[in-house]
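S.K.: Sequence order for the protein chains is A and B. Per the numbering used here, the very first residue in the first sequence carries number 1; after that it's consecutive. Per the numbering used here, the very first residue in the second sequence carries number 1; after that it's consecutive.
One or more hints might be untrue.
Said to hold, decoys possible - Pairs of lysine-lysine, DSS-like flavour, derived with a Cα cap of 27 Å:
1) A:Lys136 x A:Lys223
2) A:Lys165 x A:Lys223
3) B:Lys397 x B:Lys161
4) B:Lys239 x A:Lys139
5) A:Lys5 x A:Lys245
6) A:Lys136 x A:Lys122
7) B:Lys161 x A:Lys136
8) B:Lys397 x A:Lys165
9) A:Lys65 x A:Lys25
10) B:Lys361 x B:Lys331
11) B:Lys372 x B:Lys331
12) A:Lys65 x A:Lys139
13) A:Lys139 x B:Lys372
14) A:Lys5 x A:Lys139
15) A:Lys65 x B:Lys340
16) A:Lys230 x A:Lys245
17) B:Lys397 x A:Lys114
Stated by the list, open to error - Reference listing, derived: stretches of chain B covered by chain A, where coverage requires no fewer than 3 residues with Cβ under 8 Å from a Cβ of chain A:
18) 161 to 167
19) 387 to 396
Bear in mind the hints are in silico, worked out from the structure with no lab data behind them. Just so it is clear, the structure is predicted and the values come from calculations on it, not from any experiment. For every residue, glycine included, the Cβ atom is placed at its ideal position computed from N, Cα and C.
Here are the chains, one letter per residue:
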Amino acid sequence: MLSIKNLHASVDGHEILNGIDLDVKPGEVHAIMGPNGSGKSTLAGVLAGRAEYSVTEGRIDFLGKNLLEMAPEMRAREGLFLAFQYPVEIPGVNSSYFLRTALNEIRAHRGLDKVSALEFLKIIREKLELVEMDEKFLKRSVNEGFSGGEKKRNEILQMATLEPKLAVLDETDSGLDIDALRIVAGGVNALRSQENAFIVVTHYQRLLNYIVPDFVHVLYQGKIVKSGDKDLALHLEDFGYDWIKEQNGGQA
Amino acid sequence: MKETGIRDWYLSLFEEFERELNSGAPALGHMRRQAIRWFAENGFPSTRQEEWRFTNVSPISEIKFEAAEKPAALDPARILPYITGDDSARLVFVNGHIDRMSSTTAQLPHGLMLQSLQDALASNDAAAAAELARHARMDENGFVALNTAFINDGAYVHVAKDVAHARPLHLLFITTDAAEARMVQPRVLIIVEDNAQLSVIERYISLADSTYFANPVTEIVIGENANVTHYKIQQESRKAFHTARLQVVLKRDSSYTSHNYAFGGAIARTDMHVVLDGEGIDCTLNGLYLGGGVQLIDNHTVIEHRRPHCNSREFYKGILDERARAVFSGKIHVHKYAQKTDAMQSNQNLILSEEATIDTKPQLEIYADDVKCTHGATVGRIDEESIFYLCSRGIGKAMAKNLMMQAFAGQITDRIKDDALREHIAEIVLGHLHDGHLHR
Ligand SMILES: Nc1ncnc2c1ncn2[C@@H]1O[C@H](COP(=O)(O)OP(=O)(O)O)[C@@H](O)[C@H]1O
Ligand SMILES: [Mg+2]
């Protein structure tokens, strides 16, 4: 589904990712962990097509197509979704209108008919239930005045509505209390299937108690320095990141 | 053309105009002559004057405009798109002349008068005679002087004491004249007596793509505890010049809400002066301007707090593209005795191109010591992070930008309480958005 080969990316001339290789197959959940500043959000941003990052080397194939040649909206229409670490507040853009427009753009790309406002309401009600959000959120501007937890749940709501093939969750668990964490994880688990895949970026092992990954990768200084199964996350929980830093010549 | 040349031009037009006027009260004739004299001495404003520093009107003073002709009857179908919701009460002016066929005033409630100014003056309406040209000072600038000199037709609205009319009246000023260099000088007088309520739409549209000059003056006199909502929708041709003066006077416990939309014009200047001349007055000014091409859109507002315990709120926003220029000047003048004034003003601008410019200038003149006055002005671009967020959900970049502009403008259009009108204006705004730009 996704194949990243020798990916190098920089911002303002500083190399942040230096040689990432990753393969994600349908049905898999990959966790990416690592200390602050190791490049997790950069990787997520490069996947989604953030303009400020330039890819200096390597390639990314997504469902057999060259991802790096696609504009961000094309990546989304092809089935990629990024849950933002810091979702943006957009005053004046109505949540419901925004999400229906997005859904219809994606449906059009897949050769499906547009959904009417009424049909959309039926779809969205089911998804709202999944993330335990009230319908009144739809009347508000996108993320405006939402609490941190509400913003993260809204990301999951959007993901559930747009039904991506590959979802990248960038620290969706950070800053959540245990109830919100359970809701977010429940949303992801409900969507898991043999056809789609997830890349779950997290700083804490806690989330992985709820979303059990098939693979865990440790990102450090822009490289995947260790990969394993879910036990690697438990090990990191017990011993922290210092041993990773030491092994890789960083400052512990 | 030399300034003196253009002054002579309007003097000779005035002489001709006066000859053709066959009636009229002597007092009005006197006022007209005073106004043309003032104009002959002072001419049009120059950029050396502080209030005109950013707006050079020489494109207007360089053309010898002639009074627009009275046209043949207008097909009413052509004006229907410009009438929203309930259209039971409207006055239609075509090239400055009342069009009785298109106007309807039959179903007005008792106590609400809507008629052409000419009719009001011909019938010696006492209130009209007493208030006309008493508020907008002819010596304010050459544009007001010129309008006053040529007062002839326009709209007159009178709402008697205790009469409430919630549905908006329409005053529609249409230019159909395809000939170049024509001029219209509409005059509007609105009197709302104590405890009365009025909603009125003053709209300027063009069915011709010609270079013409519209120079309206509107006076609104609001009595005690009365309530007025006023919409100005300016959709002149992109080659037209529009210079408008709007003078509002309020008495105690009254309220005035203005919605000022500026969409058209090559040079479009609106001077709005609101005088809060009593205690407990509420004044809200909402404004939205969209400028593309080489348009120059200038809004000058003055809110004058003369008495204590009044509130004023001002929200102006603009979107500018290509080489458009906008000017916003918002003066809040708090007199010495206007204690407990609560005034707030904001002006926000969205710039879509490198060449578009905005001069925004808040001016606080505060002579009282116990007041709350805040103001803020911003000039920005469409937020890239928001665009990326929308695109990351599958929405194309052009549509994402349109959504952002719509949201920006929507914060002004959403302030319209009348549902039909709010949707109508939102549609007009939408019609201006095109591939992430303002429609050229
Ligand atoms: N837009 C940017 N401009 C400059 N530096 C950046 C930018 N984005 C990320 N960086 C830098 O790249 C490194 C990796 O950041 P990031 O990908 O956000 O890490 P993580 O998500 O793992 O905490 C950090 O040193 C950060 O300061
Ligand atoms: Mg991060």
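S.K.: Holds or violated: Lys65 of chain A with Lys25 of chain A, Cα cutoff 27 Å?
M.R.: holds (15 Å)
S.K.: How about the segment 161 to 167 of chain B: do at least three of its residues have a C-beta closer than 8 Å to a C-beta of chain A?
M.R.: The restraint on the segment 161 to 167 of chain B is violated, since only 0 of its residues have a Cβ under 8 Å from chain A and three are required.
S.K.: Going straight from one Cα to the other, do Lys65 of chain A and Lys340 of chain B come out at no more than 27 Å?
M.R.: violated (66 Å)
S.K.: Checking C-beta pairs, does the segment 387 to 396 of chain B have three or more residues closer than 8 Å to chain A?
M.R.: Satisfied; 9 residues make the cut.
S.K.: Are the Cα positions of Lys239 of chain B and Lys139 of chain A separated by 27 Å at most?
M.R.: violated (40 Å)
S.K.: Between Lys230 of chain A and Lys245 of chain A, is the straight-line Cα distance small enough, at 27 Å or below?
M.R.: holds (20 Å)
S.K.: Check the hint pairing Lys372 of chain B with Lys331 of chain B against an upper bound of 27 Å on the C-alpha distance.
M.R.: Cα-Cα ~15 Å, so holds.
S.K.: Sort out whether Lys331 of chain B lies within 27 Å of Lys361 of chain B, counting only the CA atoms.
M.R.: holds (8 Å)
S.K.: Within 27 Å, alpha carbon to alpha carbon, are Lys397 of chain B and Lys114 of chain A?
M.R.: holds (19 Å)
S.K.: Hint check: Lys161 of chain B vs Lys136 of chain A, CA-CA at most 27 Å. Holds or violated?
M.R.: violated (43 Å)
S.K.: Hinted pair, alpha-carbon criterion (27 Å max): Lys165 of chain A, Lys223 of chain A. Please report holds or violated.
M.R.: Within the cut-off at roughly 25 Å; holds.
S.K.: Next pair to validate is Lys136 of chain A with Lys223 of chain A; report whether the Cα-Cα distance is within 27 Å.
M.R.: violated (43 Å)
Consistency note: the structure conflicts with the earlier hints numbered 1, 3, 4, 7, 12, 13, 14, 15 and 18.
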